[in-house]
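Required output: the full structure, derived from the provided sequences and hints.
Chain residues, written in single-letter form:
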Amino acid sequence: MNQGYQLRETVYSALFAALIAAGAFIAIPIGPVPIVLQNLFVLLAGLILGPRWGLASVGLYLLMGACGFPVFAGGTGGMGRLLGPTGGYLLGYIPAVLVTGLISERLGRTRFADAAAMVAGSLIVYGAGVPWLKFATNMAWNKAVLAGMVPFIPGDLLKITAGVFAAEIIRKVIK
Amino acid sequence: MGQLNLFTYIPSTSIAHDLDVRCKLCCLSLMSLATFRGGPVPLALITAMVAGLLIPAAIRPLTLLRELKFFFLLVAMVFISRSVTTGGEPMINLLGISATKQGIAEGALLSWKFVLVMLMGIVFARTTKPSHVKGAVQWFLRPVPFIPETRAAVMISLFLRFMPLILNQASEVSQAQQARCFHLEKNPVKRLVRLTVPLLKKTFQSADRMALAMEARSYSEKRTDPAFIRSGHEPLTLALCLLVLGLSFMV
Numbered sequence: 000m001n002q003g004y005q006l007r008e009t010v011y012s013a014l015f016a017a018l019i020a021a022g023a024f025i026a027i028p029i030g031p032v033p034i035v036l037q038n039l040f041v042l043l044a045g046l047i048l049g050p051r052w053g054l055a056s057v058g059l060y061l062l063m064g065a066c067g068f069p070v071f072a073g074g075t076g077g078m079g080r081l082l083g084p085t086g087g088y089l090l091g092y093i094p095a096v097l098v099t100g101l102i103s104e105r106l107g108r109t110r111f112a113d114a115a116a117m118v119a120g121s122l123i124v125y126g127a128g129v130p131w132l133k134f135a136t137n138m139a140w141n142k143a144v145l146a147g148m149v150p151f152i153p154g155d156l157l158k159i160t161a162g163v164f165a166a167e168i169i170r171k172v173i174k
Numbered sequence: 000m001g002q003l004n005l006f007t008y009i010p011s012t013s014i015a016h017d018l019d020v021r022c023k024l025c026c027l028s029l030m031s032l033a034t035f036r037g038g039p040v041p042l043a044l045i046t047a048m049v050a051g052l053l054i055p056a057a058i059r060p061l062t063l064l065r066e067l068k069f070f071f072l073l074v075a076m077v078f079i080s081r082s083v084t085t086g087g088e089p090m091i092n093l094l095g096i097s098a099t100k101q102g103i104a105e106g107a108l109l110s111w112k113f114v115l116v117m118l119m120g121i122v123f124a125r126t127t128k129p130s131h132v133k134g135a136v137q138w139f140l141r142p143v144p145f146i147p148e149t150r151a152a153v154m155i156s157l158f159l160r161f162m163p164l165i166l167n168q169a170s171e172v173s174q175a176q177q178a179r180c181f182h183l184e185k186n187p188v189k190r191l192v193r194l195t196v197p198l199l200k201k202t203f204q205s206a207d208r209m210a211l212a213m214e215a216r217s218y219s220e221k222r223t224d225p226a227f228i229r230s231g232h233e234p235l236t237l238a239l240c241l242l243v244l245g246l247s248f249m250v
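Respectively, the protein sequence lines represent chains A and B. Following numbering that gives the first Met the number 0, the numbering of the first sequence begins with 0 at its first residue and continues without gaps. Following numbering that gives the first Met the number 0, the numbering of the second sequence begins with 0 at its first residue and continues without gaps.
Since the hints were derived computationally from the structure, they do not count as laboratory data. Heads up, a few of these hints could be off.
Unchecked claim - What follows is a list of derived Cβ distance ranges for each label pair: (1) L82(A) / A47(B): 24 to 32 Å; (2) L108(B) / Y4(A): 31 to 39 Å; (3) F139(B) / P94(A): 20 to 28 Å; (4) P129(B) / V118(A): 33 to 41 Å; (5) V172(A) / T7(B): 23 to 31 Å; (6) A50(B) / G107(A): 52 to 60 Å; (7) F111(A) / F227(B): 51 to 59 Å; (8) F139(B) / R108(A): 33 to 41 Å; (9) P94(A) / L108(B): 30 to 38 Å.
What the hints assert, rightly or not - Partial selection, computed: residues in chain B whose CB lies under 10 Å from chain A: (10) S31; (11) V136; (12) L194; (13) L198; (14) A206.
As the list claims (entries may be wrong) - A few chain B positions that, by computed beta-carbon distances, are all more than 12 Å from chain A: (15) I9; (16) S11; (17) D19; (18) L44; (19) A50; (20) R59; (21) A107; (22) K128; (23) V153; (24) Q177; (25) F227; (26) A238.
Where a beta carbon is used, it is the ideal one built from N, C-alpha and C, also for glycine.
Below you can see the structure in the form of structure tokens.
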């Protein structure tokens with residue numbers, strides 16, 4: 000029984016890692032940072048898999064990217080991308096999925112809790128990504144925020160709203 | 000979607016097929032780093048190497064263009080946005096928007112890099128069996144503490160299995176929704192939900208079936224891994240990759 004559970008979680012986290020990667024293929028490039036669906040899948044990984052397995056799936060995704068597979072936004076990959084100007088967002092997925100998973104575990108599975116967990120997760124992604132962008136490109140703070148955060152907020156709000164419904168439905172499917 | 004055929008393993012006996020998987024994986028990450036760092040000279044070298052590997056892998060340029068048309072569209076968008084947003088001396092002026100010389104050069108370089116990384120991924124995926132990737136990853140992760148290498152390796156081969164599946168199902172779902180007049184929907188949340196939910200549902204169901212099938216076949220983490228077979232070209236290939244990487248840091 001225990002092994003069956005572990006196997007299912009292993010398969011699910013691999014699936015989520017692949018979803019995050021596939022989400023990167025549906026990207027709209029605007030300025031230095033492209034808008035991507037992948038952060039929706041990162042947050043959903045936290046909600047549905049919980050902190051531990053969510054972390055495993057994000058870790059797997061980043062490992063594949065670091066090895067040079069074209070899984071990052073717009074079909075790029077490689078160690079250089081991970082350490083480049085937009086690397087902060089990618090590395091920020093690690094704490095983001097952890098916190099999203101932990102919050103949703105604590106607050107239970109209500110719509111409000113899901114939304115709160117995803118908002119916290121997105122804030123962490125920006126908390127890691129924007130300062131990284133600033134120091135990597137030597138932009139001024141307000142410019143870094145304008146280029147690396149403001150254009151994505153409407154999209155993120157949409158993604159979070161959609162994510163709440165998606166999480167509810169997916170939980171029914173996999174239970 | 001087209002990625003399905005481009006990213007799947009096709010048996011053959013080319014140089015890239017015969018290399019030791021561990022060496023191939025090393026070269027892939029070295030080359031992707033070199034691509035990111037490099038200026039035009041190392042990029043030209045890498046392009047020559049990738050082209051040399053693509054030809055025996057029997058991928059026709061036209062097929063490549065057709066299968067990756069969305070990717071190339073994206074690259075074109077990156078190129079245009081770069082050439083318009085970078086400051087410098089204007090070269091082409093169209094409708095009040097001017098593309099600068101520096102912008103065009105930078106955009107071209109960036110697009111070139113994008114295409115190269117994609118091509119390297121394709122060469123690797125086409126010439127390597129997923130089970131061999133698993134074996135190689137396991138070998139690399141063994142000395143790393145806190146990572147259960149067997150499970151990580153299994154997840155990687157599952158990842159490589161799911162990637163094309165998801166892209167395939169994504170296009171299936173969007174076609175099915177278009178048949179139901181989905182493109183007339185104005186509410187952006189509804190649009191997002193109607194695309195992601197069926198996609199997630201479908202992929203989770205297939206993941207469920209996969210887990211069940213693995214369990215039914217007595218899956219366990221203790222199993223015999225494929226042996227690594229060297230072709231003898233490894234030291235030369237690795238040296239070449241290191242040379243290009245070194246060059247990318249200097250030029």
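Taking each numbered hint in turn, which are not upheld by the structure, reported in ascending numerical order? Numbers 2 and 23, in rising order.
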